[in-house]
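Going line by line, the protein sequences match chains A and B. My numbering applies: residue 1 is where the first sequence begins, and numbers increase by one. My numbering applies: residue 1 is where the second sequence begins, and numbers increase by one.
The reader is advised that the hints may include incorrect statements.
Claimed, not checked - Mimicking PhoX-like on lysine-lysine, the simulated pairs with C-alpha atoms at most 25 Å apart in a straight line are: (1) K3/B to K111/B; (2) K3/A to K59/A; (3) K3/B to K69/B; (4) K62/A to K3/B; (5) K78/A to K59/A; (6) K57/B to K3/B; (7) K42/B to K78/A; (8) K3/A to K37/B; (9) K3/B to K37/B; (10) K53/A to K3/A; (11) K57/B to K69/B; (12) K57/A to K3/B; (13) K78/A to K62/A; (14) K37/B to K57/B; (15) K57/A to K78/A; (16) K37/B to K111/B; (17) K59/A to K3/B; (18) K42/B to K3/A.
Stated by the list, open to error - Each pair of labels, with its calculated beta carbon distance range: (19) K57/B to E56/A: 24 to 32 Å; (20) E15/B to Q64/A: 45 to 53 Å; (21) L96/A to K57/B: 45 to 53 Å.
What the hints assert, rightly or not - Just a few of them, taken from the derived set where beta-carbon distance is under 10 Å, the chain A residues facing chain B: (22) P2; (23) V4; (24) I7; (25) F65; (26) Y74; (27) A93; (28) D99; (29) F103.
Hints are computed from structural coordinates only; laboratory data are not their basis. Since we're looking at a predicted model, the values are computed, not measured. Even for Gly, the Cβ is constructed at its ideal location relative to N, Cα and C.
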Amino acid sequence: GPKVLQIPSHQIIDMGQMVTLNCDPVSNHLYFYWYKQILGQQMEFLVNFYNGKVMEKSKLFKDQFSVERPDGSYFTLKIQPTALEDSAVYFCASSLGSDTQYFGPGTRLLVL
Amino acid sequence: GEKVEQHESTLSVREGDSAVINCTYTDTASSYFPWYKQEAGKGLHFVIDIRSNVDRKQSQRLIVLLDKKAKRFSLHITATQPEDSAIYFCAASRRNNNRIFFGDGTQLVVKP
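From just these sequences and the hints, can you work out the full model?
Below is the structure:
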């Protein structure tokens, strides 16, 4: 099936630093998403993005979070500054429309 | 908001038997119900979905049933194989709203 790539697969950073998670979505997809999964907990929606804009965000999408996709390149999630509770696996997804979302393999973020 | 619950946290079956994973949801406006499979250390892999205009859908060994009155849906895997072993997530979202709400996941083990 369609493949979504995520870079890096793992990231360890010190609290307070900035981190950027990169997503390479399916090439013709128009909608992009980030989800967060803390170990042992449910996968939770963070944000969706379409036509250069955030369409919807959850309460988990703190002010320290931002997303962008400059010039059709990677869809990125930036956290600045990071906090301990940001440690989780972050999954990117993309879809053509209001239908099947295809997920990447996740980026495991550890904030020390 | 929507709350999706998966009733079985773990499920163990013998190879060749059927496996059934049950989920419930709360939002009557939910109309799209995808299922995802996650193998150890990997991302979510789309398996099958069902929309609220039908109550049954089959794709090879996978059958999904939807009972809108009871707000219940289920995944049936027939003739299970060891490679079906994984965590299965049910999910729900509203029409024209791309935010997906996930269940907690069911660890399926298929014993040879």
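A quick look at each hint next to the structure:
no.	hint	in the structure
1	K3/B to K111/B	violated, 31 Å
2	K3/A to K59/A	violated, 28 Å
3	K3/B to K69/B	holds, 16 Å
4	K62/A to K3/B	holds, 21 Å
5	K78/A to K59/A	holds, 16 Å
6	K57/B to K3/B	holds, 23 Å
7	K42/B to K78/A	holds, 22 Å
8	K3/A to K37/B	holds, 15 Å
9	K3/B to K37/B	holds, 19 Å
10	K53/A to K3/A	holds, 23 Å
11	K57/B to K69/B	holds, 17 Å
12	K57/A to K3/B	holds, 17 Å
13	K78/A to K62/A	holds, 11 Å
14	K37/B to K57/B	holds, 17 Å
15	K57/A to K78/A	holds, 14 Å
16	K37/B to K111/B	holds, 18 Å
17	K59/A to K3/B	holds, 15 Å
18	K42/B to K3/A	holds, 13 Å
19	K57/B to E56/A: 24 to 32 Å	holds, 27 Å
20	E15/B to Q64/A: 45 to 53 Å	holds, 48 Å
21	L96/A to K57/B: 45 to 53 Å	violated, 20 Å
22	P2	holds, 9 Å
23	V4	holds, 8 Å
24	I7	violated, 13 Å
25	F65	violated, 16 Å
26	Y74	violated, 16 Å
27	A93	holds, 8 Å
28	D99	holds, 8 Å
29	F103	holds, 4 Å
In this structure, the earlier hints numbered 1, 2, 21, 24, 25, 26 are contradicted, and the remaining ones agree with it.
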